[in-house]
Structures are given as C-alpha cells and as structure tokens.
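> Listed below are the residues making up each chain.
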Amino acid sequence: MTECKTGQGRFLEDFKVGELIVHATPRTVTTGDMALYMALYAPRHALASSDDFARSCGLGESPIDSLAAFHFVFGKSVPDVSVNAVANLGYAEGRFFEPVRPGDTLRSESRVIGIKENSNGRAGIVWVRTRGIRGADETVVEYVRWVMVRKRDAASPIPEASIPELRPSIAARDLHVPAGLDFARYDFDVSGDRYALSDYSVGERIDHAGAATVEEAEHMMATRLWQNTARVHFDATLRGDGRRLVYGGHVMSLARSLSFSGMANAQLVAAINGGTHANPCFALDTVRAWSEVLEKSETDNPSVGALRIRTVASKGESRQAKAENGKYNPDILLDLDYWVLIPGPGSMPGQSNPRR
Amino acid sequence: MTECKTGQGRFLEDFKVGELIVHATPRTVTTGDMALYMALYAPRHALASSDDFARSCGLGESPIDSLAAFHFVFGKSVPDVSVNAVANLGYAEGRFFEPVRPGDTLRSESRVIGIKENSNGRAGIVWVRTRGIRGADETVVEYVRWVMVRKRDAASPIPEASIPELRPSIAARDLHVPAGLDFARYDFDVSGDRYALSDYSVGERIDHAGAATVEEAEHMMATRLWQNTARVHFDATLRGDGRRLVYGGHVMSLARSLSFSGMANAQLVAAINGGTHANPCFALDTVRAWSEVLEKSETDNPSVGALRIRTVASKGESRQAKAENGKYNPDILLDLDYWVLIPGPGSMPGQSNPRR
Amino acid sequence: MTECKTGQGRFLEDFKVGELIVHATPRTVTTGDMALYMALYAPRHALASSDDFARSCGLGESPIDSLAAFHFVFGKSVPDVSVNAVANLGYAEGRFFEPVRPGDTLRSESRVIGIKENSNGRAGIVWVRTRGIRGADETVVEYVRWVMVRKRDAASPIPEASIPELRPSIAARDLHVPAGLDFARYDFDVSGDRYALSDYSVGERIDHAGAATVEEAEHMMATRLWQNTARVHFDATLRGDGRRLVYGGHVMSLARSLSFSGMANAQLVAAINGGTHANPCFALDTVRAWSEVLEKSETDNPSVGALRIRTVASKGESRQAKAENGKYNPDILLDLDYWVLIPGPGSMPGQSNPRR
Chain L
19 MTECKTGQGR FLEDFKVGEL IVHATPRTVT TGDMALYMAL YAPRHALASS DDFARSCGLG
79 ESPIDSLAAF HFVFGKSVPD VSVNAVANLG YAEGRFFEPV RPGDTLRSES RVIGIKENSN
139 GRAGIVWVRT RGIRGADETV VEYVRWVMVR KRDAASPIPE ASIPELRPSI AARDLHVPAG
199 LDFARYDFDV SGDRYALSDY SVGERIDHAG AATVEEAEHM MATRLWQNTA RVHFDATLRG
259 DGRRLVYGGH VMSLARSLSF SGMANAQLVA AINGGTHANP CFALDTVRAW SEVLEKSETD
319 NPSVGALRIR TVASKGESRQ AKAENGKYNP DILLDLDYWV LIPGPGSMPG QSNPRR
Chain X
19 MTECKTGQGR FLEDFKVGEL IVHATPRTVT TGDMALYMAL YAPRHALASS DDFARSCGLG
79 ESPIDSLAAF HFVFGKSVPD VSVNAVANLG YAEGRFFEPV RPGDTLRSES RVIGIKENSN
139 GRAGIVWVRT RGIRGADETV VEYVRWVMVR KRDAASPIPE ASIPELRPSI AARDLHVPAG
199 LDFARYDFDV SGDRYALSDY SVGERIDHAG AATVEEAEHM MATRLWQNTA RVHFDATLRG
259 DGRRLVYGGH VMSLARSLSF SGMANAQLVA AINGGTHANP CFALDTVRAW SEVLEKSETD
319 NPSVGALRIR TVASKGESRQ AKAENGKYNP DILLDLDYWV LIPGPGSMPG QSNPRR
Chain U
19 MTECKTGQGR FLEDFKVGEL IVHATPRTVT TGDMALYMAL YAPRHALASS DDFARSCGLG
79 ESPIDSLAAF HFVFGKSVPD VSVNAVANLG YAEGRFFEPV RPGDTLRSES RVIGIKENSN
139 GRAGIVWVRT RGIRGADETV VEYVRWVMVR KRDAASPIPE ASIPELRPSI AARDLHVPAG
199 LDFARYDFDV SGDRYALSDY SVGERIDHAG AATVEEAEHM MATRLWQNTA RVHFDATLRG
259 DGRRLVYGGH VMSLARSLSF SGMANAQLVA AINGGTHANP CFALDTVRAW SEVLEKSETD
319 NPSVGALRIR TVASKGESRQ AKAENGKYNP DILLDLDYWV LIPGPGSMPG QSNPRR
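Residue numbers (this note's numbering), protein chains in the order written: chain L, 19 to 374; chain X, 19 to 374; chain U, 19 to 374.
To be clear, the hints were calculated from the coordinates, so they are not data collected in a lab. Computed from a prediction, not measured in an experiment: that's the story for all the values here. Glycine included, each C-beta is placed from N, C-alpha and C at the ideal position. Watch out, some of these pointers could steer you wrong.
[As the list claims (entries may be wrong)] Below are the DSSO-like pairs computed for lysine-lysine, each with C-alpha atoms no more than 30 Å apart in a straight line: (1) K314(L) with K23(X); (2) K23(L) with K314(U); (3) K340(U) with K23(L); (4) K134(X) with K340(X); (5) K34(U) with K23(U); (6) K134(X) with K169(X); (7) K340(X) with K340(U); (8) K169(L) with K345(L); (9) K314(U) with K169(U); (10) K314(X) with K134(U); (11) K314(U) with K134(U); (12) K345(X) with K134(X); (13) K23(X) with K340(L).
[Stated by the list, open to error] Partner residues are not named here, just some residues of chain L that face chain X (Cβ under 10 Å, in silico): (14) A57; (15) L58; (16) S67; (17) G76; (18) D207; (19) R306; (20) E313; (21) S315.
Given only the sequences and the hints, what does the whole structure look like? Please build it.
Structure (structure tokens):
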C-alpha cells in the first residue's frame with residue numbers, strides 16, 4: 019500500500035497560528051510574461067511599457083505591472099492556503115517594495131496570523147500574511163488576506179479564535195518609493211494625459227472610459243500564468259451551471275487597465291489597503307470601472323506623489339457600489355482601496371523629453 | 019468642480035490640417051511579443067522565426083514581422099485618431115524601413131494632412147500620415163490612412179475641404195531594402211518553398227491553402243497587444259448584436275500568414291500601396307486568402323527582388339473580390355495591395371546552407 | 019501557365035523508404051514561448067519555472083519543458099508528413115537529449131523508415147523517424163511516429179510493405195541524463211512535494227487532482243505556436259459538425275501538467291516509449307489524468323532516478339483505459355508510456371537550499 023501522493027490541500031484544522039508555509043514553484047519572470055500581460059489586460063501605463071520611459075524615470079528597464087507581481091505571489095499561495103476556500107474575504111496591509119523586472123525569480127511564503135471557526139462548526143476564517151521574495155530574502159510584495167476555509171471534519175476541535183489586528187489603511191508615510199524613482203523630468207507628452215498629483219481632488223470621481231468583455235480562454239490563460247491552481251477557474255464540471263469562476267485578481271488587473279483613462283500617470287501601485295470581490299465574475303461579463311480619490315499625499319521624494327484611490331469594477335449599470343441598505347449592488351465585482359505613485363509637485367509637466 | 023479627465027477622443031472639428039499629434043505610450047518590443055504573434059497568426063516565414071536564418075540573410079537576430087511593426091504603430095494612433103471613427107476607409111503610401119527587433123522601443127505620431135466634411139454635415143473624412151519612430155527620430159514605418167470621423171456637434175463649422183494628393187502606389191525604386199540584407203546564400207531547403215522572384219509572373223493567381231477560424235479571445239488578445247483601444251473590438255455591449263468587431267489589421271496578419279502557402283519566401287513587407295477592409299470580420303468567421311501578382315521588380319541589391327502583390331481575404335466562397343457591379347462581394351474582408359521582398363536574381367537556389 | 023505553388027503535401031505514393039525529408043522553418047525558442055507554455059498548460063515543475071532552481075540542479079537557466087521541445091519538432095514535420103493523414107497512429111523510440119533553452123534554434127528532419135499499403139488500396143501507413151536538431155547537427159529529440167496517409171490516386175502502385183522493427187520501450191540504460199544534472203542538493207521545500215524515486219512503487223496508481231476544460235482559442239494558440247499546420251485544428255468548416263480537432267500533443271501537455279499533482283519532481287521527460295491518441299479531443303472537453311508506475315531504475319548519475327510512467331488522460335469518468343474487450347473506453351483521450359527523471363537515491367530530501 020502506498021501513500022496517497024495527491025494531497026487535497028489544507029482544511030481549517032490544518033492551519034496553526036504562527037506557522038510558516040513555504041509555497042512551491044519559484045518562478046523566473048520574463049518579458050514573455052509582460053507580453054501576455056499586455057495581451058490579456060491592455061495596460062497602457064508607459065513605465066511598464068517602455069524601457070526608455072522607465073529609464074527616464076530613473077529606473078532600469080521596465081518593471082512588470084505592480085499587480086502582475088501581486089498575482090505571481092498570490093498564485094503560489096493558492097495550493098497551500100485557499101484550494102479548499104469557500105470565499106476569498108479580504109485583503110489588508112498590502113505593500114509593494116522594489117519593482118520586479120524580467121530575470122527576477124520570485125517565490126512566496128505565508129505566515130498564518132489568525133484563525134476563527136464559524137459558529138456552525140463547518141468552516142472558519144484563516145488570516146495569512148503572504149510575502150513575495152526575490153533572491154535570498156528580499157520582500158517585493160507583502161499582504162494579508164483572509165479566506166473562509168472548509169473543515170475536513172466538522173468534529174475536529176479548533177483552538178480559540180485568534181483574530182489579528184489589521185490597519186484600516188497604510189499611512190502615506192509608510193509607502194515605499196522605489197530607489198532611484200524620479201518623476202522630475204517626466205514625459206507628459208507620451209504618458210497619456212497631463213494630470214499630476216495636484217490635478218486630483220479628494221472626493222473626485224473618475225468614470226473610466228472603455229469596457230472589457232471577458233472570455234474563458236483569457237481569464238484561464240492569465241490565471242495559469244500566475245500558476246494559480248484553484249480548480250474552480252479551470253474546470254467546467256465543478257459547478258452545476260458549467261461556468262468557470264474568474265479569478266478575482268483578473269478583475270483587479272482589468273480595472274487597473276481601464277483606469278488608465280483618467281489616471282494615466284498612476285505608474286506604480288504602492289499599497290493595497292483593502293479589497294472586496296463583491297460578486298463573482300464569469301466569462302462574457304463586460305467589466306467597467308470608476309474611481310474615487312480618497313486621499314492625497316506628498317512623499318519624501320518631491321517628484322513623486324501618492325494618491326489613495328478607491329476603484330470599483332462593475333458588470334452592469336450601477337453608479338454606486340452599495341445600495342441604501344449598505345450591501346453591494348449585485349453587479350459590483352470589485353471594491354479596491356489602494357495607493358498609487360504619480361508625478362508630484364517636483365515634476366515639471368511643461369518639460370518634454372526628446373527621448374521616450 | 020474638477021476637470022473631466024476621461025477624454026472622449028477627437029471629433030471631426032478637433033482636427034486641424036498641419037497639426038502634429040504625438041501618440042501616447044511608447045512600447046519596447048520583446049521576444050514575448052514575437053511568441054504571441056506566432057501563437058495568434060501562425061506565421062512561418064523563416065526570417066522572423068529563426069535568428070540563425072536571419073543572420074544567414076545578413077541581418078542580426080530575427081526582426082518582428084513587418085505587419086507586427088505596423089500594428090504597434092497603428093495601435094498607438096487609435097486613441098487620438100480613430101476612437102470616434104465610423105469607418106477606417108483606406109491606406110496609402112505605406113513604407114517600411116529598417117526592421118524592428120526585440121529591444122527596440124517604438125513610439126508613434128501622426129500629421130493631419132487632410133479633412134473633408136460629409137455633405138450631411140454630421141461627419142467627415144480625416145487623412146493622417148502616421149510615423150512609427152525608434153530612438154531619437156528614426157522612422158521605421160510610415161503610412162497614410164483616412165477614416166470617417168463623427169462630428170461632436172453637427173453645427174460646428176469645418177474649414178474648406180483639403181484633400182491630400184496620394185500616390186496610387188509606391189514605385190519599386192522607392193522601396194527600402196534593409197541595410198545588410200543579403201539573399202545571395204538564401205537557404206531554400208528550409209524556407210518552405212523554392213520560388214524566387216523569377217518564378218512569379220505578373221497576373222499569376224495563387225490560392226493559398228489553409229483557413230483560419232477566428233475566436234473572440236484571439237482577436238482581442240492581438241488587438242490589446244498592439245495597445246489599440248477602439249472599444250468596438252472589446253465591448254460586447256456596444257453593438258445591438260452582442261458581437262465584437264475584429265480589428266482590420268488582424269485580418270491583414272491572418273492573410274499574410276496564410277500566404278506562406280505559395281509565397282514562403284516573401285520575407286519582408288516593403289510597402290503598403292493601398293488597402294480596403296471591405297466587410298467586417300467577426301469571431302467564428304473562417305478566413306481564406308488568395309493573391310495576385312501585380313508587378314515584379316529588381317532592386318539595387320541584386321540578391322533581393324520585389325513583388326507587388328494583391329492579397330484578398332474572404333470569409334466565404336467568392337473567387338473574385340468584386341461583383342460585376344464593381345462592389346465588393348459580401349464575403350470579402352480585405353483587399354490589400356503591397357510590396358514584398360523576396361530572393362532575386364542574385365540568390366542561388368541550388369546552394370544549401372549547413373547552418374540554418 | 020504557371021506552376022501551382024501551393025502544394026497539397028505528400029500522399030502515400032510520395033513517400034520512399036530511406037528518403038530524408040528536411041522540414042521548413044527553423045525556429046528560435048524564446049522566453050516568450052515559455053510564458054505561453056505557462057499560460058496554456060499551467061505547468062508547475064520548478065526546473066522549467068525558475069532559473070535559480072535550474073541552476074541549483076546543475077543546469078544553466080531553465081530549459082523549456084521536454085514536451086514543448088517535442089511539439090516544436092513535431093510541428094515542423096506536419097506539412098511534409100501528416101497534412102494528408104487520416105490518423106496519427108503511434109509513437110515509439112522517443113528520446114530526449116540535452117535540454118532546449120531560450121536562444122536555441124531548432125530545426126527538424128524526418129527519415130522515412132517504413133510504408134505499408136492498406137488492403138483497400140486507398141491509404142496506407144508511413145513510419146518516420148523525426149529528429150529535432152540544434153545548431154550544426156546536435157539531436158535534441160528523436161522519435162518514431164506512424165500515420166495513416168491517403169493515396170492521391172488509388173491506382174498508384176506502392177512498393178512491397180516495409181515495416182520497421184521498433185523497440186517496445188527504451189531501456190533504462192539507454193536514457194540520456196543531461197550533462198551536469200545534479201539532484202544531490204535538490205530543494206524539496208519548493209518543488210511541490212517530497213517524493214523521490216524510492217517513494218514510488220511499480221504498479222502504484224496516482225489519480226492526479228485537477229481538471230482542465232479546453233477552449234478553442236487555447237488549443238489553436240498552442241498548436242500555432244508549434245507551427246503545426248494541420249488544417250483540422252484551425253478550420254471550423256472542414257468537418258460537418260463545425261468543430262476543430264485538438265492537436266494530440268495538446269492533451270499530452272495538459273496531462274503532464276496535471277501530473278504535477280503526485281509527481282511534482284518528475285522534472286524532465288527522458289523518453290517516450292509509446293503513445294496512443296485513443297479518441298479525439300474537442301473544445302469544452304474537460305481533461306483529467308491518472309498515472310501508473312511501470313518501472314523504476316537508477317541511472318549512472320546517483321542523484322538522478324528514472325521512473326517509467328503510463329499516464330492516461332480522459333474526458334469522462336472512466337477509471338480504466340480499456341474495456342473488457344480490450345478496446346479503449348470512449349472517454350479516453352491519451353495513453354502515454356514514458357520515462358521521467360526524478361531525484362534518485364543520491365538526492366538528500368532533508369536538505370534545504372537557502373537560495374531557490
């Protein structure tokens with residue numbers, strides 16, 4: 019008799035607060051991944067599109083989009099954390115450090131920081147802090163997420179609830195501005211629009227132009243690229259209705275790409291304060307997005323400003339995320355609270371750069 | 019009250035003859051883009067497939083397919099030129115210069131060279147000369163196109179019509195042969211067929227074998243790769259029938275790939291004399307193509323010949339592009355008149371190259 | 019009158035035993051191809067995912083998956099060997115040599131080693147030994163396949179049957195272990211599971227977790243990436259039912275990716291002993307797989323073991339490949355007999371590598 023080699027993944031009773039889970043399959047990022055990100059999401063931010071533009075901003079060759087780095091790191095955690103998840107409940111304390119570039123090898127690990135059994139005894143919530151690592155031990159992305167996970171056996175005892183304290187948002191002073199980033203001679207001629215930090219007002223709403231109808235082949239190719247193994251994205255026989263669930267991060271990247279319209283200079287994501295996948299997304303849904311400016315801040319780097327944004331993605335006509343009863347409208351897909359880096363007061367919109 | 023940051027793009031009254039429009043989002047080309055071009059179009063021309071073959075032709079590593087360069091440059095112009103277009107009416111004076119290679123960063127700009135209001139006063143035609151630029155100011159592709167664009171307001175006055183004079187075709191002597199290109203020791207053993215310039219006759223018709231059924235995910239991935247933002251390609255809610263329109267350039271690349279059958283040695287496109295997207299293409303259309311030889315020419319480089327080709331792509335059974343009344347048959351998608359570079363009299367078909 | 023330039027490919031009477039067919043279109047492999055392989059198949063074997071992992075195994079940067087090398091080489095042979103094939107009947111004597119890496123240029127040639135006309139005189143079987151070649155003349159993959167090919171003219175005489183003798187399997191001692199491959203300090207922490215050669219037993223069955231529902235866009239993109247031109251994969255008008263046939267190799271790669279669950283350390287394919295595409299695969303089929311261990315062996319390299327595996331892919335619920343009458347069950351897609359390389363007795367599962 020041989021051991022069963024095809025694990026079913028962790029259930030609620032398999033998580034221990036304090037445990038460190040090292041995730042499988044390190045991944046070297048390539049320009050091939052960047053091309054696929056282009057083909058799947060249509061991002062147009064110049065920093066991740068043009069090596070020359072990235073160099074003119076004090077960086078080397080173009081980094082991958084911040085959210086692509088997030089997806090790589092997230093994907094690795096799925097087989098260990100959420101393969102038996104009922105729902106991905108939220109994110110907090112997400113921070114992005116030095117950008118990820120082609121040639122970097124990423125791996126990922128998660129610390130269990132909280133567990134709470136549901137009152138029905140059949141499932142519970144697990145909180146993990148996941149870290150994306152480059153080289154020996156450099157953190158490139160870090161975030162907390164919590165998921166509802168089934169129990170293998172309702173009779174299993176679960177230790178007393180341990181709920182982590184999480185910050186409602188990352189403070190502007192705690193944002194990481196990449197080393198060398200310099201928007202002082204930012205080329206507004208080719209960046210897509212001329213809006214810098216000072217052009218945005220707290221409370222302002224931006225209805226992004228454009229919309230994206232999702233295809234099965236697209237969301238599956240994206241989700242496989244991140245080596246995310248959650249079966250519900252790939253197996254049409256799992257649900258009664260023959261549909262495959264679109265990975266929530268796919269909607270995040272679609273929304274960020276749509277947000278180029280009105281926020282073309284939001285070149286890097288610096289933090290994710292919180293996020294909710296309010297309703298499931300399926301193939302043939304048409305995704306739209308709007309954003310609201312929540313907060314503005316300068317950084318230690320005078321050429322770089324920070325904008326805290328709430329971006330809402332919808333598959334319908336709702337103009338508000340929530341109904342009067344405080345619940346999300348049924349066509350709302352995503353409600354994401356995050357910080358972006360954008361040219362600040364020390365950038366000079368009037369100046370053009372002959373070399374783009 | 020804040021400024022509306024999400025522009026609707028230019029309407030007819032926003033174009034001025036003589037104006038130079040600098041398009042957004044420079045783009046560094048990568049081998050990832052080349053792999054996607056392979057996966058989406060199945061080109062088999064050896065020059066863009068094998069670095070060794072390209073080197074044996076006097077070039078460095080493989081350039082991207084000429085039409086991929088065209089699509090990159092075209093895509094950038096869409097948000098400024100044709101986002102409010104009713105129709106893409108034609109191309110002229112398209113010329114290709116030194117090939118584009120991975121690592122090159124492309125940007126794009128368009129000069130408005132003509133405007134003519136329609137008699138109904140609701141729309142009009144705009145002519146632009148678009149230029150793809152590498153580095154400081156090297157033109158890699160250049161072409162004129164004209165589009166019908168809506169007016170924002172029918173009451174807006176439009177200056178007197180200004181219609182540019184365009185050459186019906188690029189003369190063979192004006193074709194650019196890339197520096198160093200040398201078909202003298204061309205490896206016909208692995209290029210796909212043995213036909214050189216002398217094997218083609220003016221008037222000859224070639225019915226390319228093969229056919230390609232188009233999928234939504236494919237044409238959208240391609241069109242996003244070019245950062246072409248025309249909403250009609252991506253948003254199933256725009257038209258009454260729930261269909262997304264396939265980017266006309268997608269059909270151009272499909273037709274060129276099909277044309278490998280019978281024209282395997284047409285390694286580079288040197289010019290686009292004219293082109294018409296005769297009818298719209300939609301997902302699930304099956305594209306076929308045939309070509310006619312319009313003109314033959316030697317070039318200053320004895321190993322390189324030029325063939326002027328008319329390639330017609332169809333989604334049906336028509337054997338002729340036009341009906342007796344001079345109108346395109348309803349299944350005709352594309353009618354493209356262009357020059358290709360092909361081994362000329364100074365190439366030696368008998369010789370094999372040990373290294374491919 | 020000009021020669022018809024668009025060949026219809028070889029029919030049975032066009033093959034001569036002993037003939038060498040040089041296939042068209044050499045192909046430089048890139049990291050773009052690797053990214054697409056990720057996006058299309060979701061492989062998670064660390065060796066082909068992480069340059070750092072590959073280096074820690076004594077190789078340079080990550081090689082492409084063994085089956086990707088097989089598909090490139092196979093694809094080139096299609097226009098010459100199987101474009102008029104009725105069926106791809108089998109494989110034998112497949113061997114993989116030094117791994118293929120980005121930057122390598124592959125070409126392919128086939129020797130005709132057998133022909134046998136069917137008793138009905140309308141078709142027959144052709145055996146070819148196909149070789150994938152890098153550089154001047156280094157074999158990277160080699161295999162025999164046989165296909166049933168139509169005759170152009172039933173009246174054409176076919177020489178007496180010549181049937182090659184083929185080995186039922188490659189002997190373990192004939193497997194090629196790549197130069198420098200070293201699993202002595204193999205990083206089981208991030209490879210996905212802890213099973214080495216000694217953990218598998220002959221006769222053991224592994225039911226791989228996961229399933230993959232196939233989309234038209236996906237299998238066509240993959241098959242085009244290999245420059246495989248068989249029209250039945252791309253043209254919805256060919257069959258009466260409007261469906262496109264999925265390339266058999268697509269199912270091989272899906273099955274190998276699914277087999278990560280339970281065989282995460284099977285980093286390289288060393289040989290293909292035999293393979294049958296038992297039933298056709300179409301879009302929207304959901305592919306599952308299980309494996310049986312057929313044979314185990316050490317190699318000359320003490321850190322590297324060899325496992326002979328039979329992997330069966332199914333689109334239904336069958337738990338056995340064949341029914342009692344010896345015929346394949348109708349939901350069985352693939353029955354593949356192959357050798358993989360896996361950490362052997364000289365690898366040290368207890369040791370962790372600080373650098374992944």
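> Confirm or reject each hint.
Structure-based check of each hint:
no. : hint                 : in the structure
1   : K314(L) with K23(X)  : holds (17 Å)
2   : K23(L) with K314(U)  : holds (17 Å)
3   : K340(U) with K23(L)  : holds (24 Å)
4   : K134(X) with K340(X) : holds (27 Å)
5   : K34(U) with K23(U)   : holds (22 Å)
6   : K134(X) with K169(X) : holds (12 Å)
7   : K340(X) with K340(U) : violated (55 Å)
8   : K169(L) with K345(L) : holds (28 Å)
9   : K314(U) with K169(U) : violated (43 Å)
10  : K314(X) with K134(U) : violated (46 Å)
11  : K314(U) with K134(U) : violated (35 Å)
12  : K345(X) with K134(X) : holds (23 Å)
13  : K23(X) with K340(L)  : holds (24 Å)
14  : A57                  : holds (4 Å)
15  : L58                  : holds (7 Å)
16  : S67                  : holds (5 Å)
17  : G76                  : violated (16 Å)
18  : D207                 : holds (5 Å)
19  : R306                 : holds (9 Å)
20  : E313                 : violated (15 Å)
21  : S315                 : violated (18 Å)
Going down the numbered hints, you'll see the structure goes against 7, 9, 10, 11, 17, 20 and 21, while the others check out.
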